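Colleague: Sequence:
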Amino acid sequence: MFHNVKIAWRTLSKQKLYAAINIGGLAIGLAVTTLLLMWRQDELSYDAFHPGKENIYEVHSTFESGGSMVHWINTQAAVAAHSLRSVPGVKEAVRVSYNQDMSRFQYRDRVFFEKQTGYVDERFFSLFNFPLLKGDRNKPFRDNNSVVVSSSIAKKYFEDEEPIGKVITIDGKHQFTVTGVMEDMPLNSSIRYDMLFPFDRVVKSYAPNGYWKTADEDWGNFYVRTYLQLQPETNLDTTAARLGRLWVTQSPNEGIERRGYLLQSLTDVHFYEVNGKEGLIRVIRVFFLIAIVILLIACINYINLSTARASQRAVEVGVRKAIGANRVQLFRQFISESVLVFGIAVVLAVALLYFLLPFCNDLTGKNMTLSLLDGRILGILGFGILFMLLLAGVYPALLLTSFDPLNALKGKITAAGRSGFFRKGLVVTQFVISVVLIGSTLVIGLQLRYIHNKPLGFDKENVFIFPVRNMQEHAAAVKQQLAAIPGVTAVTYGHTNIMNVGSSTSDTDWEGKAPGQSLNVTVIGADADFVPSMKLTIKEGRAFRPGPADSASYVLNEETVRLTGLKDPVGKRFRLYDTEGTVIGVVKDFHSGDMHYKIRPLVMFYKPEGWQLYVKTDGQRTAAVVDSIGKIWSRYNPDYPFEPSFLDMSYSAMYAGEARTGKLFLTFAGVAVFLSCLGLFGLATFSISQRTKEIGIRKVLGASVPNIIQLISKDFLKLVLIAIVIATPIAWYAMQQWLSSFAYSIPVPVWAFAAAGVVAVLIALFTVSFQSIKAALVNPVHSLKSE
Numbered sequence: 108m109f110h111n112v113k114i115a116w117r118t119l120s121k122q123k124l125y126a127a128i129n130i131g132g133l134a135i136g137l138a139v140t141t142l143l144l145m146w147r148q149d150e151l152s153y154d155a156f157h158p159g160k161e162n163i164y165e166v167h168s169t170f171e172s173g174g175s176m177v178h179w180i181n182t183q184a185a186v187a188a189h190s191l192r193s194v195p196g197v198k199e200a201v202r203v204s205y206n207q208d209m210s211r212f213q214y215r216d217r218v219f220f221e222k223q224t225g226y227v228d229e230r231f232f233s234l235f236n237f238p239l240l241k242g243d244r245n246k247p248f249r250d251n252n253s254v255v256v257s258s259s260i261a262k263k264y265f266e267d268e269e270p271i272g273k274v275i276t277i278d279g280k281h282q283f284t285v286t287g288v289m290e291d292m293p294l295n296s297s298i299r300y301d302m303l304f305p306f307d308r309v310v311k312s313y314a315p316n317g318y319w320k321t322a323d324e325d326w327g328n329f330y331v332r333t334y335l336q337l338q339p340e341t342n343l344d345t346t347a348a349r350l351g352r353l354w355v356t357q358s359p360n361e362g363i364e365r366r367g368y369l370l371q372s373l374t375d376v377h378f379y380e381v382n383g384k385e386g387l388i389r390v391i392r393v394f395f396l397i398a399i400v401i402l403l404i405a406c407i408n409y410i411n412l413s414t415a416r417a418s419q420r421a422v423e424v425g426v427r428k429a430i431g432a433n434r435v436q437l438f439r440q441f442i443s444e445s446v447l448v449f450g451i452a453v454v455l456a457v458a459l460l461y462f463l464l465p466f467c468n469d470l471t472g473k474n475m476t477l478s479l480l481d482g483r484i485l486g487i488l489g490f491g492i493l494f495m496l497l498l499a500g501v502y503p504a505l506l507l508t509s510f511d512p513l514n515a516l517k518g519k520i521t522a523a524g525r526s527g528f529f530r531k532g533l534v535v536t537q538f539v540i541s542v543v544l545i546g547s548t549l550v551i552g553l554q555l556r557y558i559h560n561k562p563l564g565f566d567k568e569n570v571f572i573f574p575v576r577n578m579q580e581h582a583a584a585v586k587q588q589l590a591a592i593p594g595v596t597a598v599t600y601g602h603t604n605i606m607n608v609g610s611s612t613s614d615t616d617w618e619g620k621a622p623g624q625s626l627n628v629t630v631i632g633a634d635a636d637f638v639p640s641m642k643l644t645i646k647e648g649r650a651f652r653p654g655p656a657d658s659a660s661y662v663l664n665e666e667t668v669r670l671t672g673l674k675d676p677v678g679k680r681f682r683l684y685d686t687e688g689t690v691i692g693v694v695k696d697f698h699s700g701d702m703h704y705k706i707r708p709l710v711m712f713y714k715p716e717g718w719q720l721y722v723k724t725d726g727q728r729t730a731a732v733v734d735s736i737g738k739i740w741s742r743y744n745p746d747y748p749f750e751p752s753f754l755d756m757s758y759s760a761m762y763a764g765e766a767r768t769g770k771l772f773l774t775f776a777g778v779a780v781f782l783s784c785l786g787l788f789g790l791a792t793f794s795i796s797q798r799t800k801e802i803g804i805r806k807v808l809g810a811s812v813p814n815i816i817q818l819i820s821k822d823f824l825k826l827v828l829i830a831i832v833i834a835t836p837i838a839w840y841a842m843q844q845w846l847s848s849f850a851y852s853i854p855v856p857v858w859a860f861a862a863a864g865v866v867a868v869l870i871a872l873f874t875v876s877f878q879s880i881k882a883a884l885v886n887p888v889h890s891l892k893s894e
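Under my numbering, think of the first position of the sequence shown as 108, with each following residue one higher.
Please keep in mind that the hints were generated in silico from the structure rather than gathered at the bench.
Hints may be right or wrong, so weigh each one.
As a list, the in silico PhoX-like pairs of lysine-lysine whose alpha-carbon atoms are at most 20 Å apart [to be verified]:
1. Lys714 with Lys642
2. Lys473 with Lys770
3. Lys531 with Lys825
4. Lys241 with Lys262
5. Lys531 with Lys821
6. Lys800 with Lys821
7. Lys273 with Lys241
8. Lys222 with Lys280
9. Lys241 with Lys263
10. Lys705 with Lys384
11. Lys198 with Lys160
12. Lys273 with Lys262
13. Lys695 with Lys674
14. Lys646 with Lys695
15. Lys705 with Lys561
16. Lys695 with Lys679
17. Lys222 with Lys263
Across the chosen pairs, the derived CB separations fall in these ranges [what the hints assert, rightly or not]:
18. Ser259 with Lys473: 15 to 23 Å
19. Arg215 with Tyr557: 47 to 55 Å
20. Gln223 with Ser759: 16 to 24 Å
21. Asn295 with Phe462: 19 to 27 Å
22. Ala850 with Leu824: 39 to 47 Å
23. Gly726 with Pro465: 34 to 42 Å
Only a predicted model underlies this, so the values are computations on that prediction, with no experimental measurement involved.
Backbone N, C-alpha and C fix where the C-beta goes; we use that ideal spot for every residue, glycine too.
Start from the sequences and build out the full structure, keeping to the hints where you can.
Modeller: The structure is reproduced here in structure tokens:
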């Protein structure tokens, strides 16, 4: 074996260029594939660390609205309590409610502001495997003034002191005693909080709204995530149907005929949409395919370069066979060469992994680490090595050992024939992949640009929002002070963020409503300046006016008018919650959510003192405006930091996932194209080596350098054109599927795939021309001597 390796090393030393291309291509391919598989493995590990995860489900609400089904991730608080009592097969039920307000936390003289806090049922740690380092898993809260903190929070607040028993003051008035310390919730968890408070506090301090006496009986408000642990073999459809009947029997007068719940496995929450449609899982599959494809391209390069040199090694094979070497011995020799190449490539790939991992983490938003002692990393590398050895090592070895020794010694082996078609097919495959990736990258970029530039129906530029907190008691005075700041062009109150309106209800009624008809509407509270400040377009009627006269007035969007069937809606009766009023205006539809979903029906009601302040600037003095508002904020909210949110930045953040996907596509398309160029380089090298005498004769007969380049390049361009023809429908279908996840998208641009084809042709020309020019410049005397 050592003898074979020594011979293999000598062979590599004699062919330094080929060795560098082979080793470099395989190293890059293996490193990039490993990074992609590490990312995939990290994604697939989401929520997989909970024992019994296969029996844990998240409950989603679903109901009919305007003729279509609406799906919500939240449920009513009553679902958990009633399911434990009334639904067979439910073993455990836990509620989780996110605390959306940033609060001020104080321990002694240390003050912090926390956002990742939530309310959970006492059984939370019994259902989920979040290690509790200190405290009782079965009874984490001693009373409703208890709190469980993460180990990072404990260190931040108490340093080296014992955290259990310490008292934290929230917003200067509520005191909570630490009764437990949990490990930091991992990044690969769909549930992530730094502080947990007892949900029973919500239940006991529930403020009835006229319909429900306690939170456990509240079937009207959707604000919790409900998790059920079912007994093994429990039928999901039957359980969901029983839950739906609970809703109907407990709340029979909602006017919604079709309503119920869907059960989604905890391990599917990260990968699928609320309605069960594929979400991130589709992206994971695509990039897993890209990982395999990149490694495949690297292996194709090795095969092409190896077979390109086959004719040059034919005499060597003939001599070895003539002196008694059998096919098995030759196979071992050539496999040894492949193993040596792969071994060096693996070492370089590992070095590349350490170098590229920080860039990959930045690109994917991950925090992946690399340890060669990690069995998962070794498994991924082992898979890559085995893949390369079986695919790229065996075929060249079999081809070389198949040569007839007599023909080999006579120089009649050209390594063309049956392997030539196969080799060309590999290059076509490489460029099919490259064109698909380039075209897909262009379409993704065009769709993201379309989303970014599409009119939303309101003005998001130079607008920022922030919560009012203590300013609400001085709403009119604060508004006047803000409006007086130089550079401020508009100030208005709203009760939510227009970019992501979370409030909605089916508690509506209107003039002419048909029996059984229901409509779930998005709800926005706004003052009299909201419509003109946000540049919403009034289609009928008017906007709100200051004063109590509009306290029971409503402004509808066009979609609400369409779904309710209201004709001449202005002046018609409309009820929202328990407030009977009148429609005073209709605004043109605008986007109050992301463009994966169609514009929803929306109702605006008059709220002169909202929870959010919108400030629009002239765009010239934004920094000065923010600084001036920060000073006003400090007068009313001295204990809280001023953290405005710009609407345009919020809008971009909504599509951060798609933008990241686009960057990943661009990056790995570049890698695939680069590796494909190496494959083409290998085929060009082979072709030119086979046509050395022909090129020399043509030059003697007067052929110019451009003639030689054209002669050699045309065959390769045919391969690229075939690849374009094959790739275009594949890329078109793939992008059609991706764009279908958006309610608003561009038509699939065929020119993008034509552009991808042009890019592929130019790349191929550049790659082949490099070798062609080199061959064309060789003195024909040397070319003819070589034959």
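Colleague: Next, verify each hint and record whether it holds.
Modeller: Quick rundown of the hints versus the structure:
1. Between the alpha carbons of Lys714 and Lys642 the distance comes to roughly 18 Å, so the proposed pair stays at or under 20 Å and holds.
2. For a cut-off of 20 Å, the pair hint linking Lys473 to Lys770 stands: about 14 Å separates their Cα positions.
3. A distance of roughly 10 Å separates the Cα atoms of Lys531 and Lys825; the hinted pair therefore holds under the 20 Å criterion.
4. Taking the CA atoms of Lys241 and Lys262, the gap is near 13 Å; set against the 20 Å cutoff, the hint holds.
5. A hinted pair counts as satisfied when its Cα atoms are at most 20 Å apart, and Lys531 with Lys821 qualifies at roughly 13 Å.
6. Straight-line distance between C-alpha atoms of Lys800 and Lys821 comes to about 19 Å, which keeps the hinted pair within the 20 Å bound.
7. Taken as a hint, the Lys273 and Lys241 pair is honoured in the structure, with Cα atoms around 13 Å apart against an allowance of 20 Å.
8. Note on Lys222 and Lys280: the hinted pairing holds, with a Cα-Cα distance of about 18 Å set against a maximum of 20 Å.
9. Distance check on the hinted pair: Lys241 and Lys263 sit about 16 Å apart at the alpha-carbon level, within 20 Å; holds.
10. The hinted pair formed by Lys705 and Lys384 meets the criterion: a straight-line CA distance of about 16 Å does not exceed 20 Å.
11. With a CA separation close to 13 Å, the supplied pair Lys198 and Lys160 stays within the 20 Å bound.
12. Taking the CA atoms of Lys273 and Lys262, the gap is about 12 Å. The hint holds against a cut of 20 Å.
13. For the given pair, Lys695 sits about 16 Å from Lys674 by alpha-carbon distance, which is consistent with the 20 Å threshold.
14. Restraint check for Lys646 and Lys695: the C-alpha separation of about 6 Å stays at or below 20 Å, so the hint holds.
15. A distance of roughly 14 Å separates the Cα atoms of Lys705 and Lys561; the hinted pair therefore holds under the 20 Å criterion.
16. For the suggested pair Lys695 and Lys679, the alpha carbons sit about 18 Å apart, so the restraint of at most 20 Å is met.
17. Only pairs whose Cα atoms come within 20 Å are accepted, and Lys222 paired with Lys263 is accepted, the gap being roughly 15 Å.
18. The hinted range of 15 to 23 Å is satisfied by Ser259 and Lys473, whose Cβ atoms lie roughly 19 Å apart.
19. Range check, Arg215 to Tyr557: about 53 Å between beta-carbon atoms, so the 47 to 55 Å window is met.
20. Checking the proposed 16 to 24 Å range against Gln223 and Ser759 shows it holds: the Cβ atoms sit about 22 Å from each other.
21. Range check, Asn295 to Phe462: about 25 Å between beta-carbon atoms, so the 19 to 27 Å window is met.
22. Between Ala850 and Leu824 the CB atoms are about 41 Å apart, so this pair conforms to the stated range of 39 to 47 Å.
23. Roughly 36 Å separates the CB atoms of Gly726 and Pro465, a value that falls within the hinted 34 to 42 Å.
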